[in-house]
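**Student:** Listed below, chain by chain, are the residues.
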Amino acid sequence: MNFFSQIGILLRKELVLELRMGYAISGILLYVLSTVFIVYSAFFQGVTNPMLWITLFWIILLFASVNAIVKSFVQENGNRQLYYYTLLNPTAVIVSKMVYNITLLFLLSLLTWGALAFMVGNQINEFSGFLLALFLGSVGFSILFTFVAAISSKADNNSTLLAILSFPLVIPILMTLIKLSVSATGVLEDTSAIQDIGILIAIDLMLAGLALVLYPFLWKD
Amino acid sequence: MTWNRLLLVGLLTLLIQQMAFAQQAASGDFLRSIGHIYVVVAVILIIFIGIVLFLIYLDRKLTKLENQIKQNE
Amino acid sequence: MIRQSWWKILAVLLLVYTFVAGLLVPLKPGIAEVSPRAFKAGSEVEMTVTGYNSMYSKAKNDLNAWLKLSGENAKDERVLKASSIQVINDRTLKLAFKLPEYLPSESKDDVCSLILDSPVDGAIVLPEGIALTQDSVNFQEGLDLWSVDKIIHLNVNSGLTFPYRSVLYETIRNQYYHVPLWFAMLFLFLFSVGFSVRYLRTFDADADHRTLALNRAGFAFGILGLITGAIWAKYTWGAYWSWDVKQNMTAVALLIYAAYFILRGAFQDEEKKARLSAVYNIFAFAALIPLIFVIPRLTDSLHPGNGGNPAFGKDDLDNTMRMVFYPAGIGWTLLGFWIAAIAYRIEKLQSKLLDA
Numbered sequence: 001m002n003f004f005s006q007i008g009i010l011l012r013k014e015l016v017l018e019l020r021m022g023y024a025i026s027g028i029l030l031y032v033l034s035t036v037f038i039v040y041s042a043f044f045q046g047v048t049n050p051m052l053w054i055t056l057f058w059i060i061l062l063f064a065s066v067n068a069i070v071k072s073f074v075q076e077n078g079n080r081q082l083y084y085y086t087l088l089n090p091t092a093v094i095v096s097k098m099v100y101n102i103t104l105l106f107l108l109s110l111l112t113w114g115a116l117a118f119m120v121g122n123q124i125n126e127f128s129g130f131l132l133a134l135f136l137g138s139v140g141f142s143i144l145f146t147f148v149a150a151i152s153s154k155a156d157n158n159s160t161l162l163a164i165l166s167f168p169l170v171i172p173i174l175m176t177l178i179k180l181s182v183s184a185t186g187v188l189e190d191t192s193a194i195q196d197i198g199i200l201i202a203i204d205l206m207l208a209g210l211a212l213v214l215y216p217f218l219w220k221d
Numbered sequence: 001m002t003w004n005r006l007l008l009v010g011l012l013t014l015l016i017q018q019m020a021f022a023q024q025a026a027s028g029d030f031l032r033s034i035g036h037i038y039v040v041v042a043v044i045l046i047i048f049i050g051i052v053l054f055l056i057y058l059d060r061k062l063t064k065l066e067n068q069i070k071q072n073e
Numbered sequence: 001m002i003r004q005s006w007w008k009i010l011a012v013l014l015l016v017y018t019f020v021a022g023l024l025v026p027l028k029p030g031i032a033e034v035s036p037r038a039f040k041a042g043s044e045v046e047m048t049v050t051g052y053n054s055m056y057s058k059a060k061n062d063l064n065a066w067l068k069l070s071g072e073n074a075k076d077e078r079v080l081k082a083s084s085i086q087v088i089n090d091r092t093l094k095l096a097f098k099l100p101e102y103l104p105s106e107s108k109d110d111v112c113s114l115i116l117d118s119p120v121d122g123a124i125v126l127p128e129g130i131a132l133t134q135d136s137v138n139f140q141e142g143l144d145l146w147s148v149d150k151i152i153h154l155n156v157n158s159g160l161t162f163p164y165r166s167v168l169y170e171t172i173r174n175q176y177y178h179v180p181l182w183f184a185m186l187f188l189f190l191f192s193v194g195f196s197v198r199y200l201r202t203f204d205a206d207a208d209h210r211t212l213a214l215n216r217a218g219f220a221f222g223i224l225g226l227i228t229g230a231i232w233a234k235y236t237w238g239a240y241w242s243w244d245v246k247q248n249m250t251a252v253a254l255l256i257y258a259a260y261f262i263l264r265g266a267f268q269d270e271e272k273k274a275r276l277s278a279v280y281n282i283f284a285f286a287a288l289i290p291l292i293f294v295i296p297r298l299t300d301s302l303h304p305g306n307g308g309n310p311a312f313g314k315d316d317l318d319n320t321m322r323m324v325f326y327p328a329g330i331g332w333t334l335l336g337f338w339i340a341a342i343a344y345r346i347e348k349l350q351s352k353l354l355d356a
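Residue numbers (this note's numbering), protein chains in the order written: chain A, 1 to 221; chain B, 1 to 73; chain C, 1 to 356.
It is possible that some hints are incorrect.
Said to hold, decoys possible - Cβ-Cβ distance ranges computed for the label pairs, FRET-style:
| no. | chain 1 | residue 1 | chain 2 | residue 2 | range |
| --- | --- | --- | --- | --- | --- |
| 1 | A | LEU205 | C | PHE139 | 40 to 46 Å |
| 2 | B | ASN67 | A | VAL213 | 40 to 46 Å |
| 3 | A | ILE197 | B | ASP29 | 45 to 51 Å |
| 4 | A | VAL213 | B | SER33 | 53 to 59 Å |
| 5 | A | ILE38 | C | GLY129 | 53 to 59 Å |
| 6 | B | ARG32 | A | ILE197 | 43 to 49 Å |
| 7 | C | GLY265 | A | MET206 | 26 to 32 Å |
| 8 | B | ASN72 | C | GLY265 | 49 to 55 Å |
| 9 | C | THR320 | B | SER33 | 40 to 46 Å |
| 10 | B | SER33 | C | GLY129 | 21 to 27 Å |
| 11 | A | GLY46 | C | THR50 | 54 to 60 Å |
Claimed, not checked - Straight-line distance between alpha carbons at most 25 Å, and here's what the computed DSS-like set of lysine-lysine pairs gives:
| no. | chain 1 | residue 1 | chain 2 | residue 2 |
| --- | --- | --- | --- | --- |
| 12 | C | LYS273 | A | LYS220 |
| 13 | B | LYS64 | C | LYS352 |
| 14 | C | LYS272 | B | LYS61 |
Read the hints as simulated data drawn from the structure, not as lab findings. Beta carbons are placed, not taken as given, at the ideal position from N, Cα and C, and that holds for glycine.
Taking the hints into account, I'd like the entire structure generated from these sequences.
**Tutor:** Spelled out as structure tokens, the structure:
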């Protein structure tokens with residue numbers, strides 16, 4: 001079985017698992033909707049400040065991502081890990097999880113955007129720019145959170161550990177994303193958008209490369 | 001023994017702080033006097049205290065090891 | 001008695017040099033204050049100049065002072081010589097100027113610099129410090145009136161001094177005590193990553209002890225850097241925490257390494273602890289790279305030389321300062337490694353004791 005067919009099979013397995021345990025994905029959806037509703041109730045006059053809108057958006061998405069990704073290693077019990085270990089390439093395992101999480105987070109971010117636009121109003125005027133920010137953001141978040149979740153799943157109290165380990169690491173990505181999103185509101189003429197995209201791509205590539213190199217060391221137990 | 005030492009250093013730090021505050025109260029803005037030179041003094045003092053605290057931390061670890069060795073014998 | 005002592009001796013010598021030279025070399029004489037600072041053209045005006053580290057009475061009759069206007073085409077000097085200079089004491093001067101009716105300027109108000117020249121202190125410039133106003137504008141007349149005097153010769157202070165900065169004053173010396181902590185921290189973390197890589201290649205517990213010790217020392221230096229930086233910031237920028245990009249970045253770096261220690265605490269098994277923390281250490285350092293080397297270059301900062309280049313500006317680090325600053329950086333870094341080495345030996349002893 002070659003590398004790519006392994007990834008394909010693992011991706012299908014993730015999807016089947018997700019659909020079979022429907023509560024996980026619906027839990028995340030509910031999480032996003034209820035957070036947006038809380039924001040709506042707290043800012044009942046509507047959020048008119050674009051900076052505030054963007055900050056709220058990324059914070060909601062950050063916590064939703066952590067909650068979505070922490071499950072990706074919890075739902076695999078020890079026996080199944082051992083089974084993968086005898087059968088599969090570790091890089092295929094982490095790549096499939098990352099690809100799956102990127103898709104999940106991208107859809108989640110679209111949902112958050114839609115919900116936020118519906119409830120509190122839309123502040124984004126340049127759709128393509130913001131979509132690019134969302135994509136780069138979901139790539140960065142999912143690489144980082146998936147890898148750190150792999151570390152923290154080896155300890156017992158892993159959801160707290162995931163937050164502690166990953167939040168400081170996510171700050172550079174988050175700061176660049178917020179900068180990029182502000183330029184997508186069309187309020188400020190930002191000339192450094194290209195530079196921000198470059199930084200995000202560089203960070204994503206670097207983290208992905210390291211995650212692939214380092215994951216085999218987390219794998220064996 | 002280590003607790004005694006900790007206490008000593010804590011008291012010393014308090015004393016230095018008190019002195020600094022007393023002088024500040026006495027002469028308006030002490031740290032800004034003579035071209036802000038006391039800001040440099042404060043920085044050096046903090047580095048010194050920091051290094052001493054690290055020494056205490058190492059000292060406590062060593063004491064623990066010594067006690068362990070004693071027990072093993 | 002002290003193991004492998006040559007570099008430890010070097011550390012001590014460099015730090016002694018840093019303390020002696022860094023604290024004893026005086027600041028270059030400067031102008032601390034001028035009052036009043038605003039004048040009207042066409043009158044005889046008097047101003048009191050307060051010097052810093054100056055020796056006015058020593059240079060009594062050889063003092064010269066000019067007001068200098070900088071125009072758009074500053075090819076021709078537009079200067080006005082002081083009509084009288086009265087030395088009160090070493091730190092105080094009274095200058096008098098006969099301001100002409102018109103300024104060589106297109107608007108009713110302009111700012112000029114004050115140049116004070118003394119054979120003892122050297123030439124001192126207070127840039128753009130004095131405001132001038134005129135009732136009516138006559139550029140050509142003003143140009144003629146301001147072209148009579150010329151600056152013929154300026155003295156140079158040849159003594160060994162550190163630069164004088166009106167916001168920093170003596171705290172410019174903190175460059176030798178606050179900034180190197182940051183260098184030391186970076187080097188300690190860099191070496192700890194190296195040992196993490198070595199651990200993952202060899203699974204030798206010794207490399208893990210080294211990583212831990214280096215991270216502990218680096219963390220301690222980072223905290224010290226943050227506290228000393230906050231105090232320096234309070235007296236130059238006005239607040240302990242100014243929401244400056246470098247302050248925030250250091251705080252985040254410390255959070256990352258605090259997470260490293262928490263991660264270690266989460267495991268009982270020594271091998272698992274060492275392996276997972278080595279992986280996290282490498283990953284965390286990589287995530288730190290954009291934090292330290294990329295984002296500060298793109299963001300405005302109160303730290304010198306930012307928005308394009310986080311290194312020191314040319315004005316903030318002259319050659320005399322370099323003579324102390326580079327040894328200081330090496331000295332503090334070596335001290336950090338010394339501390340880490342002791343922490344490592346304790347760690348090693350502990351693991352030996354556990355095995356026995």
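**Student:** Run every hint past the structure and note whether it holds.
**Tutor:** Hint check:
Checking the proposed 40 to 46 Å range against A:LEU205 and C:PHE139 shows it is violated: the Cβ atoms sit about 59 Å from each other. Roughly 43 Å separates the CB atoms of B:ASN67 and A:VAL213, a value that falls within the hinted 40 to 46 Å. Hint check: A:ILE197 to B:ASP29, Cβ distance near 48 Å, so the stated range 45 to 51 Å holds. As the Cβ distance of A:VAL213 to B:SER33 is approximately 56 Å, the hint placing it in 53 to 59 Å holds.
The beta-carbon spacing between A:ILE38 and C:GLY129, approximately 54 Å, falls within the hinted interval of 53 to 59 Å. Taking 43 to 49 Å as the suggested C-beta distance range, the pair B:ARG32 and A:ILE197 conforms, at roughly 46 Å. For C:GLY265 and A:MET206, the hinted distance range of 26 to 32 Å is satisfied, since their beta carbons lie about 28 Å from each other. A hinted range of 49 to 55 Å is violated for the C-beta pair B:ASN72 and C:GLY265, which are about 25 Å apart.
Between C:THR320 and B:SER33 the beta carbons are some 25 Å apart, a value that contradicts the proposed interval 40 to 46 Å. Look at B:SER33 against C:GLY129: about 23 Å separates their beta carbons, and that is inside 21 to 27 Å. At about 56 Å, the CB distance of A:GLY46 to C:THR50 agrees with the hint of 54 to 60 Å. Restraint check for C:LYS273 and A:LYS220: the C-alpha separation of about 13 Å stays at or below 25 Å, so the hint holds.
The hinted pair formed by B:LYS64 and C:LYS352 meets the criterion: a straight-line CA distance of about 14 Å does not exceed 25 Å. Taken as a hint, the C:LYS272 and B:LYS61 pair is honoured in the structure, with Cα atoms around 23 Å apart against an allowance of 25 Å.
Hint check: violations occur at hints 1, 8 and 9; the rest are consistent with the structure.
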